[in-house]
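**Student:** Working from the sequences, and respecting the hints, build out all of it.
Residue numbers (UniProt numbering), protein chains in the order written: chain S, 1 to 239; chain X, 1 to 239.
These aren't lab readings, by the way, just hints derived from the structure by calculation. Not one of these hints is a red herring.
If several chains are the same, the list does not tell them apart, and a pair holds so long as it fits within one copy or across any two.
Only pairs whose alpha carbons sit at most 25 Å apart, straight line, appear in this in silico BS3-like list of lysine-lysine:
no., residue 1, residue 2
1, Lys48, Lys156
2, Lys105, Lys48
3, Lys211, Lys48
4, Lys105, Lys119
5, Lys50, Lys211
6, Lys95, Lys216
7, Lys87, Lys156
8, Lys91, Lys138
9, Lys95, Lys138
10, Lys119, Lys48
11, Lys105, Lys91
12, Lys95, Lys211
13, Lys156, Lys50
14, Lys105, Lys44
15, Lys211, Lys105
16, Lys216, Lys105
One-letter residues, chain by chain:
2 protein chains.
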Amino acid sequence: MSVRYLTARLAQQIDEELMGPAGAFSLDQLMELAGLACAQTLAKVYGKDKYPRVLVCCGPGNQGGDGLVAARHLGMFGYQPTIYMPKPGSKDHYKRLQIQCDNMKIPTLPPSSDVEALKRVLGSSDVILDAIFGFSFKGPIRSPFDSTLPLLTESKLPIVSVDIPSGWDVERGNAEGVGLNSDVLVSLTAPKEGVRHFTGRHFLGGRFIPKSLEGKYELNLPHYPGFDQIVELPSAQKL
Amino acid sequence: MSVRYLTARLAQQIDEELMGPAGAFSLDQLMELAGLACAQTLAKVYGKDKYPRVLVCCGPGNQGGDGLVAARHLGMFGYQPTIYMPKPGSKDHYKRLQIQCDNMKIPTLPPSSDVEALKRVLGSSDVILDAIFGFSFKGPIRSPFDSTLPLLTESKLPIVSVDIPSGWDVERGNAEGVGLNSDVLVSLTAPKEGVRHFTGRHFLGGRFIPKSLEGKYELNLPHYPGFDQIVELPSAQKL
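**Tutor:** What follows is the structure, encoded as structure tokens:
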């Protein structure tokens with residue numbers, strides 16, 4: 001039995017169940033574990049000696065929050081993260097995550113930064129953590145991210161994406177070809193339909209799904225080794 | 001420069017600063033990382049093949065909350081935890097942590113359990129996680145824990161304590177001899193004054209202190225390896 005790939009709707013439903021009265025998790029808890037898994041995935045593939053400078057790209061939603069948590073943990077691990085967050089989220093927990101990063105002296109590009117400023121910081125980065133769009137993304141890609149994504153691709157830097165490479169359709173993948181060609185993917189909870197044919201290294205994080213919930217949705221999650229918070233999935237065959 | 005040992009007052013002050021407007025952490029976030037560190041410490045020393053059955057003893061305060069988080073993660077790691085929690089905390093986050101454990105099908109002894117019931121479950125446990133009293137503990141030990149602690153000791157099971165072995169004075173240690181003789185200790189944030197002469201294996205967890213806060217309080221925290229959430233400290237010399 002292989003792992004189940006989730007539609008956007010099912011991913012949303014599982015999230016709501018986890019954080020509803022029955023699941024009783026808070027967003028803060030789940031985001032902390034998710035962001036930790038993202039940071040650990042990046043650290044596992046791109047060691048800090050060779051790839052110390054991480055550009056963490058954050059969208060305005062919960063995936064941006066995962067990115068901010070990851071940036072903080074990367075700072076704790078000894079990386080030098082920089083945050084690119086042109087549309088900061090407006091919710092309280094998002095603002096608190098920003099303050100936590102500020103307290104770690106993690107620099108954030110001003111929201112007003114133009115294309116040239118982003119190019120400059122890409123020129124002095126070693127790897128990108130893409131936490132721009134998550135499983136609730138619906139195209140088309142809006143400004144300023146419509147100009148951001150091509151720049152990330154042109155940089156030729158390795159890209160680690162969270163849940164779904166930004167610009168991919170959550171269910172149909174990169175059919176339109178406008179999304180990032182990420183090297184590494186960290187899926188949270190369970191992989192999404194759109195990444196079935198992702199050919200880079202693929203990790204799973206979010207080790208917080210009770211067996212009962214896993215059974216109810218027939219997720220067939222893989223076995224995480226030891227007390228790790230991430231597990232590598234077999235890569236899809238390259239076509 | 002060796003790690004700083006904290007007074008109860010200073011430990012409290014650092015906690016308040018982390019969760020105040022300047023630190024911006026939520027209790028949920030810090031407790032999640034603390035409890036994960038506790039579970040990982042137990043898993044590091046007592047492998048689940050030889051020590052599958054963990055009795056997680058939870059007090060009514062925030063340390064009990066750390067214990068509930070640890071119980072959940074131990075369940076995720078494949079252990080069979082049982083919770084002993086004679087005085088469940090009344091706060092909302094504590095109740096949510098209980099529900100999360102219930103959803104994992106982790107059994108909890110009824111609060112009304114008597115000495116005999118606790119003896120029975122000790123007889124079918126392999127290791128104890130002691131999350132009864134934390135750094136805000138002030139003696140004397142009140143009921144029912146005055147009868148619990150001797151039972152835990154008599155069980156001869158290995159004990160992993162969180163922050164301070166239960167019954168020890170946070171600053172003067174086990175001077176009165178009424179506390180647990182724990183085998184393993186996981187200190188959170190920084191070790192407390194009372195454990196300076198702890199001779200068992202000693203780990204540090206709570207990898208979330210920004211450098212600026214570490215510097216302000218001269219904590220001299222050790223270097224955590226890689227992306228681990230715990231680090232082992234050198235043991236105190238046995239007298």
